[in-house]
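Undergrad: Next come the chains, spelled out residue by residue.
Protein chains: 2
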Amino acid sequence: MSDRLPGYRGLALRALLDIGAEIGDLIRIIKDDTILEGILIPRSEYGDDKHVVIKIKSGYNIGVEITPTTKLERIGAETKPAFISPPPPERRTDLPTVTILGTGGTIASRVDYRTGAVRPVISASDLYSIVPELSDIAFVETEILFNIFSEDLTPRHWSIMAETVAKHIARGVQGVVITHGTDMMGYSAAALSFALQNLPVPVILVGAQRSEDRPSSDAATNLIGAVLAASRAPFAEVAVAMHETPSDDAIILHRGTKVRKCHTSRRDAFKTINAKPLARIIDGSIQMLAEDYRPRDQNRKLILKPNFDDRAALIKFYPGMSPKIIDWHVSEGYRGIVLEGSGLGHIRRECFPAIKRAIENGVVVAMTSQCIWGRVNMNVYSNGRDLLAMGVIPLGDMLAETALVKMMWALAQTKDPNEVKNLLLTNVANEFSERTVENIEPPRAVK
Amino acid sequence: MSDRLPGYRGLALRALLDIGAEIGDLIRIIKDDTILEGILIPRSEYGDDKHVVIKIKSGYNIGVEITPTTKLERIGAETKPAFISPPPPERRTDLPTVTILGTGGTIASRVDYRTGAVRPVISASDLYSIVPELSDIAFVETEILFNIFSEDLTPRHWSIMAETVAKHIARGVQGVVITHGTDMMGYSAAALSFALQNLPVPVILVGAQRSEDRPSSDAATNLIGAVLAASRAPFAEVAVAMHETPSDDAIILHRGTKVRKCHTSRRDAFKTINAKPLARIIDGSIQMLAEDYRPRDQNRKLILKPNFDDRAALIKFYPGMSPKIIDWHVSEGYRGIVLEGSGLGHIRRECFPAIKRAIENGVVVAMTSQCIWGRVNMNVYSNGRDLLAMGVIPLGDMLAETALVKMMWALAQTKDPNEVKNLLLTNVANEFSERTVENIEPPRAVK
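Residue numbers (the working numbering), protein chains in the order written: chain A, 1 to 447; chain B, 1 to 447.
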């Protein structure tokens, strides 16, 4: 590896050394009948030794395989791609205004030249400069809230996000986009769904599975989709915008309460569970998929309920799980426990006395299923019925992750466990699906 | 509802009362050009008011919609269907011998006539009497190990299962079937995969999503598939046999370490994750799907490693999770912790000191992903690299559930945390997939 050409090895490295290129140079690649020009960008440490990656004028990254007949030319000296923000564009009154809030994550990250690994370093306004198409869709304003990995976000950050969204909506923007690490984006999307009620305009969370430096980056297409949805979608809900398939053809909009990251690395990692996705964007046009959406209405008055109580835990049940784990949470002052039980909503009988003690101590205990697809039904087997009789709250087809977020939110709305229970069972933001969608496909096996 | 016709309401109840029928009677239904005869069985409490359900001679249950022109006749008095075991069949030396071990679950359950709910009550030999087709496939012997809900199974039960399987294999049977509750069947399948090494014959776990009394029961077809695989499959591995799709067309065989229950109620709830399924059964014939299977070889010597240490916990990470949860497990004497982290294998930095303390105390800490699909890669982001540096063990594409089981198993093989680590990183029973199957489909969105 070369210090000046991080990530490049073998054939590709040799070809670049031959023309004296370094990262940031404008280079031209001539291969067969195709001429490509762009800025040389670093490769990830996991790349092969055959491809050279350039960022072409549109902002997309392209990897070109170097063969013995490929010709390379260095046609311009190093510029630091995308690190210097251009001056802000002039306000265009003919376009809707969208606020992009930066919170961190891969979509706002670059490869660390020193280690080859990814660090969150780009500001939200940099994003705008990297994706020039945005300027034709909306007048974009940016605000950086945080610049942290999404796994480091806490319920307190959700409150700040919700309050900031409300502030920008009060200013009259046509939509809000939140750039977010994908790891915990599902949880934040659920949190905003409960905190931002009666929305007048869309609030779109967006992330990237591959950083903007990589040839296969989904950052630009996802961001374009998110801004399109925020500025023009007919719905006014909290949604997540990501690739529908591994290709760039479609961006899918998932409801904030029904979405889950289901793959560690694929661009189509996010899936709507137990429901239809909200909408799809193809060729710049938005198709609604759900019929029951809240229509956009700039005059509707947002109801902000930004508080969360973090004295709630998610406990995934496993064989032989000790009841002491439940007792410990009670003794530590937790007010709510979401169980990720088995099948239709079960845990072992050995834990029942601890569950009973927890509920007697005023702890709200709710049940979801680690199956992910389907819905809990605690009336079928005696273990389930006994849990119901103790006061465990069955949460239907709600995702366990959404259930935890809702528990934290409900606990912040009232001190009374019965009112928390009523809130949990109320369909606040489409976290419960109608029974008619029960036959939504579970994961497919293999191709 | 009638006490003597549990589950029946409306039209269907009236038609049955008209002919004085009760559960267990042999009845004839004439509808259009079709004549059906079978034993009247109770309906679940969730059924509609139009269908009458009879068990026909083949053992299948059929629901017939009652219309004004449908004719019903009571042609025989009440017999208790399937509750009385017939005398054991004569040993047929022309057929392979298969042991069916009963552990409980829906496949071995009946509707409780009193409450309409399902209770595990049928013995393994009853199963045999309900599915007469089995007698053409294999000579079946049965042993009841337990009769409990699978969520009540513990690592101690896995040891008993493994030892009993070994005992029957030592007797020279051609295969073993274990009937099991579906809720925790994935965990038990993983446990047996580690406990039963160098298998000479197949060990097939099988369950049912709908009890044998329900018209849509998958109990008979799954059991037939399991016995077929145990007696005739060319592989000698631990596998789970369940419906591949909602229809009865195919039974799919999942490797014990790569299978997960992904739907609360569908018959095709089980999915192979991050790999190809092992085999498929269509029309009684077994197609291998995986190429790298261990072939059946009656002379191979089983290596039994039936012990598990239950001082291991599965902790699913969530936003704001307190590091005290990790400290508590250490103070309680847990020897292993499997984290279900976010994305490529992350948890919040706030927990890092607690992870460090745990490892310094000799606790083995391993990382999986709550994404389910894909694989952890802790080299990409600094949070992941810092966890690696502390000694957290990245478990590739291993399922979190399988990882917990393997941790419990590895802890029982050695006292040395380094040896536990080496065992965790060794591919013992295909719990790690090659990187080439990385593009296995994640769940599909919607039809």
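To be clear, the hints were calculated from the coordinates, so they are not data collected in a lab. Some hints could be false.
One copy or two, it doesn't matter: identical chains are merged, so the pair holds either way.
Restricting the straight-line Cα-Cα distance to at most 27 Å, the calculated cross-link-like pairs of lysine-lysine (DSS-like) are [claimed, not checked]:
#, residue 1, residue 2
1, K167, K305
2, K324, K356
3, K356, K50
4, K31, K57
Source: prediction; values computed, not measured.
Undergrad: Work down the list of hints and note, for each, if the structure agrees.
TA: We went through each hint and held it up to the structure:
1. K167 - K305: within (13 Å within a copy, 61 Å between copies)
2. K324 - K356: both (13 Å within a copy, 23 Å between copies)
3. K356 - K50: Intra 62 Å, inter 40 Å, cutoff 27 Å: neither.
4. K31 - K57: within (18 Å within a copy, 71 Å between copies)
Hint violations for this structure: number 3 only, all remaining hints satisfied.
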